[in-house]
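As they're listed, the protein sequences go chains A and B.
With our numbering applied, the first sequence covers 14 to 293.
With our numbering applied, the second sequence covers 117 to 548.
Heads up, none of these hints are tricks.
Simulated restraints on C-beta separations: (1) A:R117 - B:V449: 20 to 28 Å; (2) A:N61 - B:D242: 54 to 62 Å; (3) A:E234 - B:A435: 54 to 62 Å.
To give a feel for the contact side, a few chain B residues facing chain A, derived at Cβ under 10 Å: (4) A247; (5) G275; (6) V319; (7) R325; (8) Y349; (9) F351; (10) M409; (11) G537.
Keep in mind the hints are simulated off the structure, nothing from the lab.
It should be emphasised that the depicted structure is a prediction, and the values quoted were computed from it without experimental measurement.
In this text, a Cβ means the ideal position worked out from N, Cα and C, and glycines have one as well.
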Amino acid sequence: MMRLYVEGVGLCGPGLDGWGESAPVLAGERDYVPAPVRVPPAALLPANERRRAVQTVRLALAVGAEAFAAAGRDPSGTATVFASSGGDGENIHQILSVLASSTRELSPTRFHNSVHNTPAGYWSIATGSRAASSSLCCHDDSFAAGLLEAAVQASSAQQAVALVAYDVQYPAPLGDVRPIGAPFAVALVLAPEGTGTAIAGLELDLRPATDASDFGPPALEDLRRGTPAARSLPLLAALARKEAASLSLSYLGDMVLKLNVAPVRRDEPPSTAGSASGAS
Amino acid sequence: MSANALSASALSASALTASARGANAWSANAGAGLRMPPLAISDFSVVTSLGPGRARTLAALREGRSGLAPCTFDAVPFPAYAGEIPELDNSPLEGELAAFDCRNHRLAALALREDGFADAVADARDRHGPARIGIFLGTSTSGLQQTEIAYRNRDPKTGLLPPGFDYARTQNTYSLARFVRSACDLAGPAFVVSNACAATAKVFASAARMIEVGVCDAAVVGGVDTLCATTLYGFHALGLVAVEPCRPFDVERCGISIGEAGGFFLLERPNDRHGPETVFFLGFGESSDAYHMSSPHPEGIGARLAMERALEAAGLEPAAIDYINLHGTGTPVGDAVEDRAVFDMFGDGTPCSSTKGFAGHTLGASGAVEAAFCALAIEHGFLPGSPHTRSIDPAFKSAYVSVGRAARIERAISNSFGFGGANCSLVLGRAA
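The shape of chain A in the complex, shown without the other chains:
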């Protein structure tokens, strides 16, 4: 059992323009209105890099910046975990198309942007962070894997860790064999102790089981099923409702990541956050 605190959330999805705007929707206080994803420009990057930034980078930087701003924490000193089910589909499609053509001349930029850790690299450049950073993949369970790794890092080093999970679509023909729903990204700043910005305590436990109960808001169920990073929606809904909740995320088909969420009330010191206190 690991016990952590959520200090900040960032969110970008279809009709979900940031955590602040979206929390009432996730809490069921406002209707969900689907809309095309609006990915903010990569404000953290210098102007020349901002123009060239690809969708995965813009998504990751947008949600990361929102989560760190809410957490009031310095991103240059915080370790990060990035999780994606497949990385930048458009970029790899372009590379594969060129390699299947008679020219076979790759763009150097396309090539170095083909690594799975491209958003992590730009995050480090944008924030000046020299902290540790891991970029994970676990196919459809990449969010759960990333959350597990981030929680383990925070528990092991007793330091804050940010998780950034994102997914974008593949164009055809890869999109035909690997359909992914709307682009979606989420960031969570996690800390081992409750600080003034903590919004919820979070207990995590990994168990062999197949009884995941990871349904989110009904209106968002297609999104949750369609985009691996959106498997975070049940957790996000629990955070948005500001009520104690238990849920379990499916992980590898034969395990579940059990989560207990306990809100931190603003009028109380965070150290009294009920069952998810930092004492262990």
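Dock chain B against chain A, hints included.
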């Protein structure tokens, strides 16, 4: 725990000035942290162009024999050398795992079979239970070559990929861990770390943390990278592929030779099954450059941070290190930066070498491969040399070993640096 509060308004490009990227960044040492409880390397396997298994690898390392040869892979039209494993061409996976068939998983299967590694994992599975063994693997290529082939065989009318192409079990970056989890009949936590050429070093860090907090009791770490058109043409486009075999730290070095390789390690808490011959994983250090996607920080700040953090985690001073296995890919800039970082930290008294001249730069597999080389050097008492390196760059100051020799090595550090400014150093050694 340090928590330098930063106001929301400061999170803009204009705030990211020299103070964030300069001196202040030295204090940004999240990920350094605490002492790491040592983990025993209960078993390991390695397969490179030097031949499958530890014995062939050891013989080549001792003899200074390189596995690099003119690149014939995929009929690349430019001159290059590569560390190729030809038996992968004609050894398709069969039976229950046939759906995973691709060059990367053929090599994974080979590396699992070699040195009785799969048997050691089966033994650990019986002792710990299948759900208590984690599978944390690295790769940068995964089975991308399978998709390259599929793209060349798209239906001319519909543009569709050929029937039978299995994205999830071949191209997807996770598929390597899924394959190993299935092949070894394990049921523990699994994922793939893919921070470019630091990937298979970083999985050691993940395993150490997972075991420390009790998520699992043992872990299979390491990984595989295989030749594919994307990496060959990609590094060529960057102007980083050497015409001749790579010559790390040579004054005339002009780039890398790409290799393919796989290596796996079984990590466990030390127990009475481990004896005086056991090599231990003692520490890891991870850092980010915060500089450029494909060029290292010119002062080697990220490289140095990774080494410092690894020694801190191992509880060792630089003087306790007997051998430094360099990242040393043979590029003009990369080698110069690493020389500077190593000299700044270790001076000119600690022997160091890059082993890229043996099996090439095995990209995402290099962390695991070079950890295996270090483990062999510790077990058998020798300093690996540097085939193809003829004249060490006179501007370099570190104690570079061109020709291997016998030497007692108690502790070694291995560096792996990758695109995106991802750095990871591992410390291996005898019990403290």
